[in-house]
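Novice: I would like the entire structure built from these sequences, with the hints used as guidance.
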Amino acid sequence: MSSGYALLIKRKISTQNSWALLLCQILTLSLLINELTGWMLAIIALCLCWRTLVFIKPTQKPHRILLLLIACSGCIAIAITGKQLGVLLSMLHLLCFAYALKSLEMNSRKDFYQIILLGIFILASVLIFSQSLLISLFVFCLLVLNLSILLKYFYPTKNIKKPLIKSTKMILQSLPLAIVLFIFFPRLAPFWEVPSSKSAQTGLSESVTPGAIASLARSSALAFRVKFLTDIPQYNQLYWRAMVMDDFNGRTWKQSKNSNDINRGKINKLSGDIPKLIGDKTQYQVMLEPSYQYWLFSLAVVDTKQLVSNQVDTLTLTNYTIKSRKPISQTSSYEVTSFTDSLLNSPLSFDERRTNLHIPVDNNPRLKAEGRRLQLKYTNDIERAQAILDIIREDDYHYTLTPPLLSGNGAGHELDQFFYESKKGFCVHYASVFTFIMRASGTPARLVTGYLGGEYNTQSGHLSIYQYDAHAWSEIWVKDKGWLRVDPTAAVDPERVESGLSDTIQQEGLFNNDLLSLYRYKHLAWINSLRLKLDALDYQWTRLVLSYSSKKQYDLVTQWFGHFKSWKIGGIIGGALILMMTIMWLVNIKKLKKKSLDKWLIQYQQVLIVLKNKGLEKPITMPASQFSIIVSQYFPLLNSNFSAFSQCFEALMYQELSTTHREQRLNEMNQYHQQIIKQLKKV
Amino acid sequence: MPIKSIISRFIKRRLNRWLKRRIPPASKHTLSNRNIFIMPTRFGYAYLIFVVLLFLLATNYQNNVIMLLSYLMASLFITTMMHSFYNLSGIVLSADNKAAGYAKHNISFPIHIISPNKRVDLSFCFDSQQPTHLAKSVIGDQTVYVSCHYENRGVYLPGRLKVSSEYSFGLFITWTRIDFDHQCFVYPEAITLNNNQNSFTGSSENSAALDPSFLEYKPGTDDFFELKSHVHGEPLSRIAWKQFARGQGLLTKHYQKQEGTIRWLKLTEMPNHGLEKQLQYLCFLVNEYNYAGQIFGLDLGHREIKPAQGDHHFKRCLLELAVFNGAQV
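Sequence lines, in order, name chains A and B. Those letters in the first sequence? Residues 1 to 683, by my numbering. Those letters in the second sequence? Residues 684 to 1012, by my numbering.
Any given hint could be a false lead.
To be verified - Which chain B residues face chain A? A few, computed with CB under 7 Å, are given here:
id : residue
1  : Tyr744
2  : Asn747
3  : Met765
4  : Gly773
5  : Val803
6  : Gly823
7  : Glu849
8  : Cys867
9  : Phe868
It is worth saying that the hints were derived from the structure and are not from the lab. Backbone N, C-alpha and C define an ideal beta-carbon position, used for all residues, glycine too.
Specialist: Right, dumping it as structure tokens:
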């Protein structure tokens, strides 16, 4: 019973299989095009081209030393750029480099195994960067392709179709157990700190400069999804807060240091700071797409005690925003309870007051003068704000996503230029101007960025918030009431605030950085319904798979099986395993029974047994045709019946027959069988 | 080292004894969970480590999709195990327990297999012998020839036949070791005895003792004489299959016979190049005489086979050469 290694057969990878492998490599690596640097892509392309060349001219195989040289120089290049790339991307580069290079050096079975496993590992690492349904399905398909290539190595067939079907079948057979494991296998905390992906940040930027191009507004990429557990508030109440920008340097708004760094611990210490929560609660689950930023989205005011998340380590800031301790590098979710009627009235400290009133000297003098004028005219903060909104509403202002660039007639005059000359802009322009005038008139004011609204998907009842929903608005400090939200955009384009970007503005925005996006063809009804269906599917994927956490696991187990006990989990998994094996066993038995009962096989064997009893045994190695000659010698009585019978048998056994031919042969076989048995009885 | 070898020998003996009880010798074996063994290959273990690695990756990144992938691959491991097992299970193997052939040549053991459905990647081999690979079996019966190769003449016991498969993904090796009680008669390798060789024509003193007709006999010339219609009882090996296939009826090849003289092939008359060499020459001559349809006898000194002809006689002579003088049995 020695192990079977001595028995390993020398196998060769068929040419077709090599082509399939090359295709698989190209597809796998193409999933990482966004993550890999240009020079690495070039090296990979070179390796794969060389591989293709080897197919055409096998003599062109690279020399070992040359390969070693390429490998070394590649590694050195990765090491040099390592600091710039970060640990994760360096590792990824190394993996992809090895994967491409390995295809040039496939001599043994070991190399083949390595390249398959490496391929699957790279597929897994693709999932670090994106977990959307589409990518996951693509990864799944490539996994099947990899397995088919592996299968074809042991199962030589004319084409890859059969192994593909077979490995798909096997994967599907494995799926139930995998799902049971996914649901019930204990979910562990991370064992050690891993380098997170540091892709380019998407979504809101950390600073806002009016006059820069509104590139954000043109992207139809998903920002996050929200599932409301309570009633959905009105569209114009869905102000998803992300960042509060109170530091203005004359040109750019950004977050001041102290508003950014105050963490939850401090808010708890000052018990008076805990916001008073009044009114109805709004409960919802937010499913974030990776943005590689820290900002989380919520409606004010968040009940910090009911902020639940397993995937995000949250912080609550005093400016009523929440934040993650780590960049959001993968789809993750958290549950929030908000009280939208509550006031944002945490006391304003002296420092904060100074920050929120600050305007640089010699900055936008015309607006500053306007502020001072209004300060004298209206003593009430709210009346003054209303007056500014009236100017914006009544004067000739336009809401557009493609405003002219504000060069500023000299530095620090951009807002003046916008307000008095171009009069064309989008939310950031109006919010900036409004905030500026309020500050100039002596009211603490600040800019808030986030998203407004969202698209309600009737099929799954969730809200999708896209990048083009990004928005900026203002908040002013009013005594006794705290921070009040004022949205100057509502004054210039009420539709934006009531129901989202109007069609004309969308056309203007063009969304030209995602040409393939279905959003572009939203006006076609069937495409729009398809888009919503896909979105609903992706949402379910996010909700059921991506946001599955140990808390949900715990809830599920207690709901189905009572108290959470580890032996119960073991029992469930063991039971599933046994069930799977039993089902496969039963299926196999059924298959065997069906296959072994071929009538013609039995008929032939029956005749052989009768002949054996008459004293003529067929030597097992003798072909049926040869045996029929001997039979005709020994039993002339059978005439040509037996040889015809044998011919039928051989035809059925070895030839690929059409169904009609097969039927014919089976009938003949039946007749001959009866005759032979009858004749042999007489002998 | 000796301790190691003692232990390994001990284990081997226990294992063989256990195997003998588990899979006793028979002329027909049906593969089932009684006689199929299954173990992960080295790649299988590597695959498992890989799955654990994926699980670590998923846990550390708290990435549910990678987690699902790792579970899927773990589950696939078990599915593959089942498929590997079912690839062998249900096959019926039968074989004659004797085979014969020449030393330094491949001797084939026909193994008859009946598989209820298509089976993939089967390899057959005897211990330390060349494997025979069957990429895909047909549904129904089929014969596989498993070869043995021996350097010296004698009677050998090739031992258990190992049938193994690495299907589906090479993760597992499924194998069985079935015992057909195989016996292998290995005849001496036939070495051409050339008339012009020095030892025959030259200085040899005993050349006079040689039968003159022996010298006249020219091997290599075409002795084929005619085709006659087949008569019941003639050996199958003489049937002219080519002509039969052309539809010319059942014919038997007849060879020119030099009637009258009965020849004795004597060991003592072979050129003196050592016993093994002499036996090899004799083997050649036995073949030639049989092919020519000559009546001949074999004289090995203390063993003697009376002159006769035919298949049975031929086999007896060869067997005698194989086991002569206590060759390996």
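Novice: Now tell me if each hint is right for this structure.
Specialist: Hint-by-hint comparison with the structure:
1. Tyr744: Check passed: Cβ of B:Tyr744 comes within 6 Å of chain A, closer than 7 Å.
2. Asn747: holds, 5 Å
3. Met765: holds, 5 Å
4. Gly773: For B:Gly773, the interface hint holds, since the closest Cβ of chain A sits about 5 Å away, which is under 7 Å.
5. Val803: Since the shortest Cβ distance to chain A is 5 Å, the answer is holds.
6. Gly823: For B:Gly823, the interface hint holds, since the closest Cβ of chain A sits about 5 Å away, which is under 7 Å.
7. Glu849: It holds, given that the least Cβ distance between B:Glu849 and chain A is near 6 Å, below 7 Å.
8. Cys867: violated, 16 Å
9. Phe868: Since chain A brings no Cβ nearer than about 17 Å to B:Phe868, farther than 7 Å, the hint is violated.
In summary, the structure is inconsistent with hints 8, 9 from the numbered list given earlier, while agreeing with the others.
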